[in-house]
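My request is simple: use the sequences and hints to build the entire structure.
Residue numbers (this note's numbering): 30 to 85.
Hints in this document: simulated from the structure, not taken from any laboratory. Certain hints may be false.
Here are the computed lysine-lysine pairs in the BS3-like style, where the Cα-Cα straight-line distance is at most 25 angstroms [as the list claims (entries may be wrong)]:
{"hint": "1", "residue 1": "Lys33", "residue 2": "Lys44"}
{"hint": "2", "residue 1": "Lys47", "residue 2": "Lys60"}
{"hint": "3", "residue 1": "Lys60", "residue 2": "Lys49"}
Each pair of labels, with its calculated beta carbon distance range [unchecked claim]:
{"hint": "4", "residue 1": "Asp52", "residue 2": "His30", "range": "12 to 20 angstroms"}
{"hint": "5", "residue 1": "Val83", "residue 2": "Val46", "range": "12 to 20 angstroms"}
{"hint": "6", "residue 1": "Val46", "residue 2": "Trp71", "range": "12 to 20 angstroms"}
{"hint": "7", "residue 1": "Gly50", "residue 2": "Phe84", "range": "13 to 21 angstroms"}
{"hint": "8", "residue 1": "Gln58", "residue 2": "Ala32", "range": "16 to 24 angstroms"}
{"hint": "9", "residue 1": "Gly50", "residue 2": "His30", "range": "26 to 34 angstroms"}
{"hint": "10", "residue 1": "Asp76", "residue 2": "Asn34", "range": "14 to 22 angstroms"}
{"hint": "11", "residue 1": "Asn34", "residue 2": "Phe84", "range": "15 to 23 angstroms"}
{"hint": "12", "residue 1": "His30", "residue 2": "Phe61", "range": "16 to 24 angstroms"}
{"hint": "13", "residue 1": "Glu77", "residue 2": "Glu51", "range": "27 to 35 angstroms"}
{"hint": "14", "residue 1": "Gly82", "residue 2": "Trp36", "range": "29 to 37 angstroms"}
{"hint": "15", "residue 1": "Arg79", "residue 2": "Tyr53", "range": "23 to 31 angstroms"}
Using N, Cα and C, we set each Cβ at its ideal position, and we do this for glycine too.
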Amino acid sequence: HQAKNCWQNYVDYFKCVKAKGEDYAPCEQFKFAYTELCPGEWVSFWDEQREAGVFP
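Rendered as structure tokens:
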């Protein structure tokens with residue numbers, strides 16, 4: 030279930046930042062979690078998708 034936790038924390042981080050702004054400290058808990066749980070290749074892939082506007 031770590032893959033689901035990884036994904037959920039990644040998604041929640043960007044939802045949090047969009048809603049509250051990058052300076053909102055509680056968002057960092059999601060970033061910390063996804064950087065601990067997710068393989069770097071996944072994060073890079075998702076970042077590329079977000080930048081291209083095609084992230085699910």
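Against the structure, the hints come out as follows:
1. A distance of roughly 16 angstroms separates the Cα atoms of Lys33 and Lys44; the hinted pair therefore holds under the 25 angstroms criterion.
2. Between Lys47 and Lys60 the alpha-carbon distance is near 13 angstroms, which keeps this suggested pair within the 25 angstroms criterion.
3. Between Lys60 and Lys49, the direct Cα distance comes to roughly 14 angstroms. Compliance with the 25 angstroms bound is thereby established for this hinted pair.
4. Our hint of 12 to 20 angstroms for Asp52 and His30 is violated, since their Cβ atoms are close to 31 angstroms apart.
5. Judged by the Cβ atoms, the range 12 to 20 angstroms given for Val83 and Val46 holds: they are separated by roughly 19 angstroms.
6. Between Val46 and Trp71 the CB atoms are about 18 angstroms apart, so this pair conforms to the stated range of 12 to 20 angstroms.
7. Separation of Gly50 from Phe84 is about 19 angstroms and conforms to the stated range, judged on CB atoms against 13 to 21 angstroms.
8. Our hint of 16 to 24 angstroms for Gln58 and Ala32 holds, since their Cβ atoms are close to 19 angstroms apart.
9. Look at Gly50 against His30: about 30 angstroms separates their beta carbons, and that is inside 26 to 34 angstroms.
10. A beta carbon spacing of about 18 angstroms between Asp76 and Asn34 agrees with the range 14 to 22 angstroms that was offered as a hint.
11. A hinted range of 15 to 23 angstroms for the beta carbons of Asn34 and Phe84 is consistent with their spacing of about 18 angstroms.
12. In this structure, His30 and Phe61 meet the distance hint of 16 to 24 angstroms, their C-beta atoms being roughly 18 angstroms apart.
13. Distance hint for Glu77 and Glu51: a CB-CB separation of about 20 angstroms, inconsistent with the stated range 27 to 35 angstroms.
14. Judged by the Cβ atoms, the range 29 to 37 angstroms given for Gly82 and Trp36 is violated: they are separated by roughly 19 angstroms.
15. For Arg79 paired with Tyr53, a C-beta distance near 18 angstroms fails the hint of 23 to 31 angstroms.
Taken one by one, the earlier hints fail for this structure at numbers 4, 13, 14 and 15, listed in ascending order.
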